[in-house]
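S.K.: Assemble the whole structure, with the sequences as input and the hints as a guide.
Residue numbers (my numbering), protein chains in the order written: chain A, 1 to 168; chain B, 169 to 336.
Just so you know, the hints here were simulated from the structure itself, not pulled from any lab data. The hints are all genuine.
Computed footprint of chain A on chain B; a stretch qualifies when at least three of its residues, placed anywhere within it, have a C-beta under 8 Å from a C-beta of chain A:
id	region
1	199 to 205
2	219 to 231
3	266 to 277
4	300 to 307
5	317 to 329
All C-beta atoms in this analysis are idealised placements derived from N, C-alpha and C, irrespective of residue type, glycine included.
2 protein chains.
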Amino acid sequence: METIPVPNILARRSVRRYTSEPVSEEQITALLKAAMAAPSAANRRPWHFIVVTERGTLDTLAERHPYAKMLFEAPLCIAVVGNPAVSDYWVQDCSAATENILLAAAGMGLGSVWLGVHPRAEREQMVREVLGIPAGLVPLCLIAIGHPAEHPPARTQYDPARVHYQHW
Amino acid sequence: METIPVPNILARRSVRRYTSEPVSEEQITALLKAAMAAPSAANRRPWHFIVVTERGTLDTLAERHPYAKMLFEAPLCIAVVGNPAVSDYWVQDCSAATENILLAAAGMGLGSVWLGVHPRAEREQMVREVLGIPAGLVPLCLIAIGHPAEHPPARTQYDPARVHYQHW
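M.R.: Structure (structure tokens):
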């Protein structure tokens, strides 16, 4: 069993600028292994992943999603798709898988950003159409990924006001 | 800025048996720093965390949640609570924060397991009542955490049938 390390969980930042260097097939597979190592309720794994590297499709997603201009530049997009018929925890499970992809990407020196789709119905419909996703399945998000051309520093946004001890 | 490493993302497994050793305050703070380093839509951070170490409260949660018997043994439970008024991506954001806690715990040699609450209305109401969570806020999950007394091996559940290239 290989190892997918994340040297510093605080170093995962949203990265929206990328170089033109492609992400290798080995890296893509490692990202998907990290995704599918996420926990899921009753281990139902209500997820699918669409790997997009074709420039035309990336450009279409960039044009039609209101906040995805970085896909004009990113060499890779992974769409995370949930199956609500398999689990009513699909949003949680697909979100954990998404976070694993973001962290694994950071761990291998890639930059990435989570682009929200669900619960915006018009974005869901657009992604379903562009990527040919069957009715009944729901795209949770798009993830833009590439070699980073910007390097935001590690941080936490730890706020003690959000922490309650023993009771609210 | 400190570092919170995850030596192997594939080594995070659900751990349901713990020793009686408590989790230190430093470890609890590091888990919360990892949680609040998660991304959130428009950086709204629609989350709160309730840290429970009192045996009586842990036992009450164990008794009243249908699948949380491990809280009779766990020295620590973190309840992740979302604020839907702040963001309609709160489930995604709180799930990413939860996954960060699970991974950071594994990285520091702790064991943990995600116990589903939302969207089960009766569990939400129970947790709200036991922990005094204000109306309008929603407990997403409970996380049982402790020093592991079982050691499931690293794995991915990578399934090539869940991967689609360019298009569904």
